[in-house]
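Enquirer: Going down the list, the protein sequences come from chains A and B.
With our numbering applied, the first sequence corresponds to residues 3 to 433, in that order.
With our numbering applied, the second sequence corresponds to residues 3 to 433, in that order.
Incorrect hints may appear among the rest.
No distinction is drawn between identical chains; accordingly, a pair holds when it is met within one copy or between any pair of copies.
Said to hold, decoys possible - In the DMTMM-like style, the derived pairs of lysine to aspartate or glutamate whose C-alpha atoms are separated by at most 20 Å in a straight line are: (1) K15 x E119; (2) K270 x D81; (3) K409 x E67; (4) K417 x D266; (5) K387 x E377; (6) K409 x E241.
Derived by calculation from the structure, the hints in this document are not laboratory data.
There are 2 protein chains.
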Amino acid sequence: MSTKRDAVPDIPKAADYLIASKTCELMSLQYFLQMGRLVPCISSLVHGLQRERGASNVFLGSAGETYVNERQVLSEESDRLRAEFEQALAEIHQELTGHPVSSRLLNQIASALHSLEGLGELRRCVVARKITAESATQDYSCLIHHLIAVVFEAADTAVDPTIAGPLVAMVHIMNGKEFCGQERAVGSAGFSSGRFSRALSQRMAHLCEAQERCLEVFSNFADAGSLALWQEVCGHDRESEIARLRRLSLSVGSFKDPGSQLADQWFKLMTERIDALKRVEDSVEGCFHASCIERFGDARNSLAHQETLIASLDTEGASTQPVLVLCDSGSGGNTGDAFSSGGVSQQTGRSIFDLVQEQTRRLRQMNDELQSAREALEDRKTQEKAVLLLMQHRRISNDEAHRVLRKLAMDQGKKLSDVARALVSMADVLK
Amino acid sequence: MSTKRDAVPDIPKAADYLIASKTCELMSLQYFLQMGRLVPCISSLVHGLQRERGASNVFLGSAGETYVNERQVLSEESDRLRAEFEQALAEIHQELTGHPVSSRLLNQIASALHSLEGLGELRRCVVARKITAESATQDYSCLIHHLIAVVFEAADTAVDPTIAGPLVAMVHIMNGKEFCGQERAVGSAGFSSGRFSRALSQRMAHLCEAQERCLEVFSNFADAGSLALWQEVCGHDRESEIARLRRLSLSVGSFKDPGSQLADQWFKLMTERIDALKRVEDSVEGCFHASCIERFGDARNSLAHQETLIASLDTEGASTQPVLVLCDSGSGGNTGDAFSSGGVSQQTGRSIFDLVQEQTRRLRQMNDELQSAREALEDRKTQEKAVLLLMQHRRISNDEAHRVLRKLAMDQGKKLSDVARALVSMADVLK
Numbered sequence: 003m004s005t006k007r008d009a010v011p012d013i014p015k016a017a018d019y020l021i022a023s024k025t026c027e028l029m030s031l032q033y034f035l036q037m038g039r040l041v042p043c044i045s046s047l048v049h050g051l052q053r054e055r056g057a058s059n060v061f062l063g064s065a066g067e068t069y070v071n072e073r074q075v076l077s078e079e080s081d082r083l084r085a086e087f088e089q090a091l092a093e094i095h096q097e098l099t100g101h102p103v104s105s106r107l108l109n110q111i112a113s114a115l116h117s118l119e120g121l122g123e124l125r126r127c128v129v130a131r132k133i134t135a136e137s138a139t140q141d142y143s144c145l146i147h148h149l150i151a152v153v154f155e156a157a158d159t160a161v162d163p164t165i166a167g168p169l170v171a172m173v174h175i176m177n178g179k180e181f182c183g184q185e186r187a188v189g190s191a192g193f194s195s196g197r198f199s200r201a202l203s204q205r206m207a208h209l210c211e212a213q214e215r216c217l218e219v220f221s222n223f224a225d226a227g228s229l230a231l232w233q234e235v236c237g238h239d240r241e242s243e244i245a246r247l248r249r250l251s252l253s254v255g256s257f258k259d260p261g262s263q264l265a266d267q268w269f270k271l272m273t274e275r276i277d278a279l280k281r282v283e284d285s286v287e288g289c290f291h292a293s294c295i296e297r298f299g300d301a302r303n304s305l306a307h308q309e310t311l312i313a314s315l316d317t318e319g320a321s322t323q324p325v326l327v328l329c330d331s332g333s334g335g336n337t338g339d340a341f342s343s344g345g346v347s348q349q350t351g352r353s354i355f356d357l358v359q360e361q362t363r364r365l366r367q368m369n370d371e372l373q374s375a376r377e378a379l380e381d382r383k384t385q386e387k388a389v390l391l392l393m394q395h396r397r398i399s400n401d402e403a404h405r406v407l408r409k410l411a412m413d414q415g416k417k418l419s420d421v422a423r424a425l426v427s428m429a430d431v432l433k
Numbered sequence: 003m004s005t006k007r008d009a010v011p012d013i014p015k016a017a018d019y020l021i022a023s024k025t026c027e028l029m030s031l032q033y034f035l036q037m038g039r040l041v042p043c044i045s046s047l048v049h050g051l052q053r054e055r056g057a058s059n060v061f062l063g064s065a066g067e068t069y070v071n072e073r074q075v076l077s078e079e080s081d082r083l084r085a086e087f088e089q090a091l092a093e094i095h096q097e098l099t100g101h102p103v104s105s106r107l108l109n110q111i112a113s114a115l116h117s118l119e120g121l122g123e124l125r126r127c128v129v130a131r132k133i134t135a136e137s138a139t140q141d142y143s144c145l146i147h148h149l150i151a152v153v154f155e156a157a158d159t160a161v162d163p164t165i166a167g168p169l170v171a172m173v174h175i176m177n178g179k180e181f182c183g184q185e186r187a188v189g190s191a192g193f194s195s196g197r198f199s200r201a202l203s204q205r206m207a208h209l210c211e212a213q214e215r216c217l218e219v220f221s222n223f224a225d226a227g228s229l230a231l232w233q234e235v236c237g238h239d240r241e242s243e244i245a246r247l248r249r250l251s252l253s254v255g256s257f258k259d260p261g262s263q264l265a266d267q268w269f270k271l272m273t274e275r276i277d278a279l280k281r282v283e284d285s286v287e288g289c290f291h292a293s294c295i296e297r298f299g300d301a302r303n304s305l306a307h308q309e310t311l312i313a314s315l316d317t318e319g320a321s322t323q324p325v326l327v328l329c330d331s332g333s334g335g336n337t338g339d340a341f342s343s344g345g346v347s348q349q350t351g352r353s354i355f356d357l358v359q360e361q362t363r364r365l366r367q368m369n370d371e372l373q374s375a376r377e378a379l380e381d382r383k384t385q386e387k388a389v390l391l392l393m394q395h396r397r398i399s400n401d402e403a404h405r406v407l408r409k410l411a412m413d414q415g416k417k418l419s420d421v422a423r424a425l426v427s428m429a430d431v432l433k
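Whole structure, please, built from the sequences with the hints as guidance.
Expert: Okay, here's the thing in structure tokens:
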């Protein structure tokens with residue numbers, strides 16, 4: 003009795019749901035404005051961890067002789083960046099968990115936080131030299147992987163193409179840069195020991211190719227400014243030197259003149275490359291942030307505009323005829339068999355019908371434009387799945403699995419993503 | 003100063019985000035429990051409108067001589083079903099708009115409500131015979147189309163495969179039944195006039211094929227009970243009679259013995275078929291409802307279980323070592339190049355790490371299982387898009403466009419959805 007409102011709810015009107023649809027877009031953009039605060043923190047933390055990984059590697063490789071201070075300084079820097087990340091996360095915690103958007107994103111944040119909780123123990127092992135350089139590298143890489151995956155999942159939840167595009171560019175430059183970091187570590191190991199074993203050489207090839215694939219996808223989604231920066235990186239003199247050293251690493255066996263000269267040169271060049279990639283990454287992040295703000299402003303104005311329009315229709319409404327709906331054959335676009343012609347004539351003035359149709363068209367267009375970003379993310383998921391399948395079925399390593407996949411694609415003259423898709427679709431049969 | 007909580011937010015823990023991930027799943031299922039209340043209302047309202055459309059058709063076809071009362075009674079029945087739909091919508095209005103999930107779904111509800119607002123005017127035109135039978139049919143069909151599209155959009159927002167599957171089955175049986183209703187109307191026009199024009203005959207062929215395609219997709223996603231019901235429909239004696247009349251309709255020209263006998267027989271058989279399909283639809287709806295309740299119960303228990311586990315880990319936690327994370331190469335699955343081996347040993351007991359990994363695996367598996375439902379919906383969107391493109395480029399009718407598409411598929415020996423996809427991907431070039 004006290005809840006008259008609950009007992010007899012108002013009958014909802016088309017205009018209410020049009021406003022709700024616009025409001026939903028706005029809320030989603032607000033969510034990305036918040037999420038967006040995490041992205042630069044993750045980017046910087048990953049960069050810090052990559053540097054700490056490099057220093058730890060050298061420290062362990064030298065049996066604790068060199069890079070004692072450097073490692074210490076860089077690990078303190080990582081702690082500062084980690085605190086910034088956790089602070090940003092704490093500040094948007096309510097937003098992320100109050101209106102949760104994606105179970106996968108939240109679980110990926112849990113993975114990243116859990117990995118970070120193990121960082122102290124990893125460092126104790128490094129300092130006490132209870133761990134090999136290789137294992138330490140793997141643990142750092144795993145932590146970095148979990149952090150980048152947070153950005154991947156964020157990109158995967160975006161429904162607005164102007165948000166999804168920059169995020170896809172972001173996740174691919176981050177991954178490309180991470181492959182570059184791993185390539186630096188593997189190359190350092192080879193050059194400083196004076197020879198590349200078959201396994202090391204193959205790993206170099208894999209990291210180089212994987213990096214190029216990521217950066218190719220990145221360049222498909224990057225804004226003009228970031229793309230120009232990236233092209234500067236590609237055109238830099240350093241690149242031909244890197245290419246020369248890469249070729250050396252592919253010829254298995256000992257060098258004529260090992261020394262530590264090549265190792266130093268390699269480390270220096272690749273560090274420059276990584277820093278240059280970080281600047282491209284910062285540019286992409288800036289573009290993503292600007293897109294979020296711009297789209298949010300647009301959506302807020304559009305909502306206000308619609309509310310004004312609808313209010314004006316309401317006051318005129320009493321005198322106008324109810325309108326019969328003519329079916330735009332694409333409208334709703336999804337079900338049944340809409341008619342292409344006929345029906346009863348449309349009102350000539352602007353009506354709720356026009357506004358709803360306009361929103362339908364906009365949402366459909368946004369969905370179409372989102373398609374390529376979605377496909378890039380799907381391709382990546384499918385390739386990872388195919389690699390995992392190959393590893394399990396044939397009991398081979400990750401590198402080996404990537405190589406098998408690439409060979410399949412080459413032999414069949416198909417795209418890597420198509421081969422991966424075919425493999426995954428055959429998985430049930432192969433079991 | 004008064005907002006100490008805001009100023010120094012707690013640093014979030016992995017366990018918090020694991021719980022948040024589970025809570026997000028639960029909220030999504032709760033949303034579908036609410037949305038699910040709309041589905042039977044839409045199903046019944048569509049059925050009511052299909053019957054009203056049929057009666058209006060006969061009424062207009064007889065120049066207002068017959069079905070005067072029948073039409074009136076059925077339109078009152080539709081009003082009752084419409085009130086039920088609007089009541090259900092009003093009851094979940096808060097849920098739908100407070101935590102909005104999909105702009106497209108909300109806008110589709112706006113389209114449906116707006117179409118319903120035009121129903122009164124349509125009926126006045128029918129009663130006053132100011133509209134042709136053909137135009138009235140088209141307007142009713144358009145309204146029905148908007149209502150079914152609401153279920154389509156609901157299916158498109160589902161992230162849980164046990165929810166998405168039944169919704170995909172639902173939307174396809176609804177569409178199949180609607181094609182059947184349209185076929186009844188077109189066939190009635192042909193049989194009662196004693197001849198099928200070329201256009202009418204082609205329309206019959208299109209509606210029959212479109213119907214079969216929908217019911218094929220339906221049968222891929224239907225539960226065992228609904229599938230058995232559907233197979234009963236297929237095996238019924240009535241079907242061979244319907245097949246015979248369909249063949250007649252495909253031979254353009256006059257019949258030897260027109261009369262109204264064939265028309266009556268056709269109308270009766272198809273009405274029986276539609277009613278039988280409605281019973282299959284009810285069964286699918288029941289299965290969808292049961293899935294929602296079951297999954298919601300499971301998810302609630304799982305969340306409670308995790309909370310208990312995490313609490314017990316917290317109390318033990320003080321004594322256990324922090325765990326270094328070993329990277330399962332599929333973990334996160336999406337970014338970077340996870341390592342397949344090495345790393346530091348895992349804790350043997352159950353840890354937050356295990357729980358997070360378990361959730362990662364579950365979410366990945368759910369996503370994989372969702373794939374086929376997603377593809378079925380995508381195929382449908384792509385086909386509609388291809389049809390719209392053909393209509394616009396070649397200025398042909400909806401039927402004609404469907405026929406062109408089918409012919410392309412047949413000539414190239416490809417699936418309809420593949421041909422549609424190829425066409426849509428070429429659209430930019432064709433502009």
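Enquirer: Are there hints from earlier that the structure breaks, and if so, what are their numbers?
Expert: Going through the list in order, the structure violates hints 2, 3, 4 and 6 and respects the others.
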